[in-house]
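**Q** What follows is each chain in one-letter form.
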Amino acid sequence: MNSQFKKGVLDLCVLTILAKGDSYGYDVADTLSGKIQMSDGTVYPILRKLASDGYVSTYLKESQNGPPRKYYHLTDLGRQKLDADKKEWDEFTKAVKGILEDEDK
Amino acid sequence: MTKKEYLDKLAKELGSMSYNDVKDILSDIENHFEESKIAGKTEEEAAAQLGDPSELAADYKEGMTLPTILKKKEQKAAAPKAQEPTSQTVCFVLLITLFVAIPAWITLLGIVLGITFIELAVAAAALALLITCWFYGPFLASGLLFGLALLFFAVFGYAVTFFAIKYFILGTKWYIESMKKIWKNGI
Chain W
1 MNSQFKKGVL
11 DLCVLTILAK
21 GDSYGYDVAD
31 TLSGKIQMSD
41 GTVYPILRKL
51 ASDGYVSTYL
61 KESQNGPPRK
71 YYHLTDLGRQ
81 KLDADKKEWD
91 EFTKAVKGIL
101 EDEDK
Chain A
1 MTKKEYLDKL
11 AKELGSMSYN
21 DVKDILSDIE
31 NHFEESKIAG
41 KTEEEAAAQL
51 GDPSELAADY
61 KEGMTLPTIL
71 KKKEQKAAAP
81 KAQEPTSQTV
91 CFVLLITLFV
101 AIPAWITLLG
111 IVLGITFIEL
121 AVAAAALALL
131 ITCWFYGPFL
141 ASGLLFGLAL
151 LFFAVFGYAV
161 TFFAIKYFIL
171 GTKWYIESMK
181 KIWKNGI
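So the sequence lines, in the order shown, correspond to chains W and A.
Mapping to the working numbering: the first sequence position 7 is 7, numbers consecutive.
Mapping to the working numbering: the second sequence position 168 is 168, numbers consecutive.
Some clues are possibly wrong.
[Claimed, not checked] Taking lysine-lysine pairs in the DSSO-like style, the calculated list, with each CA pair at most 30 Å apart, reads: (1) W:61 to A:3; (2) W:86 to W:70; (3) W:49 to A:61; (4) W:20 to A:4.
[What the hints assert, rightly or not] Distance windows between CB atoms, simulated: (5) W:85 to A:88: 40 to 46 Å; (6) W:85 to A:101: 49 to 55 Å; (7) A:95 to W:64: 51 to 57 Å; (8) W:60 to A:109: 57 to 63 Å; (9) W:60 to A:45: 24 to 30 Å.
Rather than coming from a laboratory, the hints here were simulated on the basis of the structure.
Using N, Cα and C, we set each Cβ at its ideal position, and we do this for glycine too.
Let the hints inform the model, and build the full structure from the sequences given.
**A** Now the structure itself:
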């Protein structure tokens, strides 16, 4: 899949995953790369940008068998962004689908 | 590529970013290697799945474009305003109010009230003199003149009193406003 194409919606995917519960970098990367063909590394710059924009906050938590994990938590601002972006995405995909179906006829 | 090679390459590509940013990013990616190891992957596998380090560095740099940096600065600048007054501010306002403003205010109030009463007394004296002279005096002319002079003095005094009271009230308002401002924004 075209990488520019994917990048735009990865923010939305990351926010959606974090809306279900706090998570750490490796886990987010693992969840996403299991479903979308992408590099594991891609989620880290996204998480960093979301944190610097105030959409997610971070905290450290000890892990049983490795180094402390940096957890990401969706802030109220992040939740607002998720709702707005999701709405926009739904409208956009609906429009694209409509266009593609017209072409098929 | 081993973990060390990957991190070295990434650090080199991130070169233009600040030391703290680079340190932070490298620690995130190093932790990713650790987690991969726990999940049973070799360093080579983890590195391959992370993707090209120069692409990763480019993604990081893209996220740190100018608007993001400016936003961060704005957030920092805006933060102190929302805070509660510091103990230093509270001390300053309380001390100034208790030991300077209130004594000064009471003194000024005394002076203003004093002027007002003196004016009343002068006016009363002038009226009394005028009335007395009108009815009884062989010293009529000089007494009347003196009484008139006193009356003019009283009128002039009223003007002074008026402005004294006005500026006294304005001054009090100004003081309360400026203390409020200091309370909100710090010294």
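**Q** All hints are to be evaluated individually against the structure, with a verdict given for each.
**A** Outcome of the hint check:
1. For the given pair, residue 61 of chain W sits about 23 Å from residue 3 of chain A by alpha-carbon distance, which is consistent with the 30 Å threshold.
2. Between residue 86 of chain W and residue 70 of chain W the CA atoms are separated by roughly 26 Å; this keeps the pair inside 30 Å, and the hint holds.
3. Under the criterion of a C-alpha separation no larger than 30 Å, the hint pairing residue 49 of chain W with residue 61 of chain A is consistent with the structure, at around 10 Å.
4. Taken as a hint, the residue 20 of chain W and residue 4 of chain A pair is broken in the structure, with Cα atoms around 34 Å apart against an allowance of 30 Å.
5. Judged by the Cβ atoms, the range 40 to 46 Å given for residue 85 of chain W and residue 88 of chain A holds: they are separated by roughly 43 Å.
6. Roughly 54 Å separates the CB atoms of residue 85 of chain W and residue 101 of chain A, a value that falls within the hinted 49 to 55 Å.
7. Here the CB-CB span from residue 95 of chain A to residue 64 of chain W is close to 54 Å, well matched to the stated 51 to 57 Å.
8. Evaluation of the 57 to 63 Å hint for residue 60 of chain W and residue 109 of chain A yields a pass: the beta carbon distance comes to about 60 Å.
9. For the hinted restraint 24 to 30 Å between residue 60 of chain W and residue 45 of chain A, the CB-CB distance of approximately 26 Å keeps it satisfied.
Comparing the model with each numbered hint stated earlier shows that hint 4 is the single one that does not hold.
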